[in-house]
Amino acid sequence: MTEVVPAVGAPVRVRARVRDKISRAFVVIGPGLIAAAAGNDAGGIATYASAGAEFGYRTLWVMSLTAIALVIVQEMCARIGAYTGEGLVSLIREQFPLRVGAFAVVCLIVANVGIVISEFAGIGAAFELFGVSRYITVPISAVAIWAIVVFGSYRYVERVLLVLALVFITYPIAMVLGHPDWEKVVSQSLLPHLLADKEFLFLVVALIGTTITPYMQLYQAAAVADRGIGPDDYPDERVDSITGSILAMFISFSIIIATAAAIGGTGPLSSAKEAAQALEPVAGAAAEALFGIGLLGASALAAVVVPLATAYGVAEAAGTERSVSRTFAEAPLFLGLFTGQVIIGASVALAPGNLIDLLLNLQVLNGLVTPVILTFVIILANRRSLLGDAVNGPVLRVVSALVVVVISVLAATVFAQNVLGLG
Amino acid sequence: MPRLNPLSAPSRLRERRHQRSRRLLASRAVADTLVSVAGLIGRPVRNPSAAEIGTIKDVVARWDGGEYPPVTGLVVRIGRRLAFVPGTQIETLAHREVVLQSARLDLADFQRREGEVLLVEDVIDHQLVDVDGVRVIRAADLYVAKVGAMYRLVGVDVSMGTLLRRLGPTRWRTRPTPERVIDWAAIQPFGRPGSPIRLREGNRALHRLRPSELADLLEELGRRERQELLAALEPETAADALEEMDAEELESLLRESGEEQAAALLAVMEPDEAVDALRDLEEDEREQLLAMMPEDKAAELRRLLGYGERTAGGLMTSYLLIAERAETVADVRARLVDDADHQADLPGVLIVDNHGRLVDDISLFELLVADPDTSLNDLGGEPFPVTVMPEAEIDDVVDRFVDERGSSLVVVDADDRPIGRILADDLVDALSPQSRVHVRRRLT
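Line by line, the protein sequences are chains A and B.
If you count by our numbering, then the first sequence holds residues 1 to 423, one letter each, in order.
If you count by our numbering, then the second sequence holds residues 1 to 444, one letter each, in order.
It is worth saying that the hints were derived from the structure and are not from the lab.
Keep in mind that the hints are not guaranteed to be accurate.
Label-pair ranges, simulated between beta-carbon atoms [said to hold, decoys possible]:
#: 1; chain 1: A; residue 1: A351; chain 2: B; residue 2: G79; range: 55 to 61 angstroms
#: 2; chain 1: A; residue 1: R384; chain 2: B; residue 2: A103; range: 38 to 44 angstroms
#: 3; chain 1: A; residue 1: P97; chain 2: B; residue 2: K297; range: 45 to 51 angstroms
#: 4; chain 1: B; residue 1: G79; chain 2: A; residue 2: G388; range: 26 to 32 angstroms
Glycine included, C-beta positions come from ideal geometry on N, C-alpha and C.
Let the hints inform the model, and build the full structure from the sequences given.
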């Protein structure tokens with residue numbers, strides 16, 4: 001009894017794991033609802049509402065095709081997560097030459113910074129509905145979000161934000177109560193018709209960009225991998241990812257339809273106030289407040305989760321420390337990326353100009369990056385050495401390649417028209 | 001979140017790593033002989049008369065269990081073919097080229113052999129464990145050097161600078177930047193996708209790690225690497241580490257491990273920790289795992305699962321040291337020696353009567369100062385132990401703790417027989433805001 005062995009069972013762990021924070025935000029409620037909630041961030045709401053306001057039901061067929069693409073893409077990401085047990089950024093580091101992988105990571109960061117900016121713009125727009133200037137609220141919320149994550153009492157806050165964001169589940173009710181022209185809804189959803197209009201094309205790319213986001217692909221693969229879902233559990237997970245995508249699309253459709261029924265054809269959306277009118281059938285005079293609450297919850301939630309998840313993924317791929325309980329000296333890449341995204345996000349959201357226009361432009365930015373990241377996803381899902389028998393079959397190979405080509409052509413056209421000034 | 005104390009173990013280990021690396025690079029001579037593996041890609045392979053035979057595609061090493069794995073050969077691209085050049089034929093391996101010993105070569109097509117890995121394809125850019133630094137790293141570059149007659153893998157570079165060097169122009173790649181080299185002796189490597197190396201036992205330094213440090217490593221690794229590390233650990237060591245893991249991380253680890261392995265790990269874990277983990281699983285998953293365990297173990301876990309999570313029964317540790325009144329202090333001390341593994345769960349020894357009913361709780365202090373020949377019966381007496389029933393809610397347990405100011409409470413059944421003990425740290429775990437909240441289970 002002379003030897004004193006240190007007590008090994010004593011709990012000594014104090015590190016807060018980002019992964020916990022990220023997964024708890026979402027995993028807690030199940031991926032279906034999450035996917036639906038994530039499609040409804042600031043950028044999504046603005047884009048769908050804008051589509052409904054400007055073009056009525058005429059973008060619905062684009063959404064039908066986007067829905068198919070979304071189901072295909074999310075299923076591939078879930079499969080990659082289940083069969084490799086790894087996130088996309090790590091796989092990109094391991095499976096591609098370093099330079100190619102670095103290009104993908106840069107694209108991903110650009111797209112996600114775009115989303116972070118949208119979320120801060122969403123926070124600003126939400127508070128403006130209550131009459132508070134964004135020049136006050138955006139800097140304060142940026143500091144608050146940064147502090148909450150770094151000093152770590154985020155778990156309680158996120159639940160509140162999540163509940164706030166669920167306000168947007170009222171859109172389907174608003175859609176029904178708004179008495180849309182159902183015949184038109186159905187025909188416009190099923191019959192493709194080309195509108196060779198610059199504005200229309202711009203909005204189409206924004207719709208694709210906000211629906212098939214690189215961030216969602218990242219999230220889907222990581223969530224499946226982090227939950228320990230393996231090949232054996234994959235059949236269930238497959239159903240889950242598909243129903244999740246469909247639910248997300250249902251909400252997106254209902255936002256467009258509800259907005260179209262309320263203010264369709266009145267021209268481009270110019271403010272959150274206008275977008276809020278779509279909820280009047282549900283909330284009457286309180287529509288603006290309801291919309292504001294939902295927008296605030298969804299935006300603030302994503303403003304925390306997206307920069308955190310991006311920094312985590314990149315730090316994991318780089319092989320450096322990725323814990324919020326580290327100091328800057330210990331985890332410069334992780335904390336630097338997180339902080340940088342919050343600062344850039346808040347700063348750009350303060351730039352003078354219309355917030356709705358800013359939001360739409362950022363969704364187009366996402367639409368430009370989407371085909372790049374999709375290409376990586378498809379290459380991974382086509383790689384037999386990685387997925388074995390779960391590799392994409394011949395039909396999926398063709399269809400997924402087609403999806404990328406179509407999105408690329410659309411994105412390239414919009415890029416040429418709006419950035420290069422052609423056409 | 002509280003920050004790690006600057007003097008905590010990981011920092012000390014990190015310091016040790018730096019010392020090792022400094023030792024490795026102590027002499028300029030050593031630094032100059034390091035050849036960057038990433039820099040070798042695409043470099044020419046020449047015969048003694050300086051004619052180019054082909055270019056380097058990869059470097060083959062064998063994980064032989066030693067500190068510095070030998071380079072067993074090169075994968076060389078000759079025309080469209082990939083050929084294997086055995087390590088014995090290498091005359092010099094330098095930054096810019098490889099020169100072979102003889103002009104005559106039997107070039108065999110490359111085929112992987114047991115225990116061999118391709119350094120570029122399987123190791124660079126993949127995860128490794130830096131055991132001294134207690135962290136998961138990704139190899140930005142590897143360095144080989146001539147040790148005795150052989151080229152061996154001696155170090156791994158994890159710096160961002162090296163990554164940038166590889167991103168830059170090709171001519172930068174040969175320039176080694178060994179300022180952040182980690183001695184390979186401190187590394188736990190992994191196999192390659194599809195065929196993990198099971199032969200090699202874990203890095204010996206792994207045994208020095210605390211369970212909580214191993215838990216950190218397991219949580220940070222990718223799935224394949226995590227499973228390999230788990231396989232390299234002794235079952236008891238692995239179980240200790242699992243007990244320290246975050247509840248959700250443990251849940252996904254058990255799910256990904258496959259039922260047989262998960263059941264085996266749970267059976268070795270402390271019962272209360274195993275029960276916590278089982279509670280996190282779905283009911284059918286839980287039943288499958290219990291069915292695969294030894295019957296008595298499964299029965300014990302089922303009994304503990306029967307108690308509510310936030311009740312005394314759910315909080316308690318079922319590990320007890322129970323003695324009869326007639327036993328002497330010396331007898332009990334001897335039994336304590338055998339139970340050294342469980343010392344964290346043993347603040348005292350329980351005395352029971354002939355019917356197994358609790359008589360007293362003797363603290364280790366009392367045992368220490370008592371005469372070895374004293375019978376336990378004589379040690380018993382006031383103050384009598386504070387007990388709770390397993391059904392008691394956590395609030396009641398806390399009240400009893402506050403009233404009694406003890407370090408533990410004994411849990412007894414309806415017949416006053418001891419069935420477990422609630423330690424103060426169990427209660428701290430349960431009350432701290434980081435404790436498990438099973439929102440997900442309630443919603444699904």
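- request: Starting from the hint list further up, note which numbers the structure goes against and sort them upward.
  value: No hint contradicted; all consistent.
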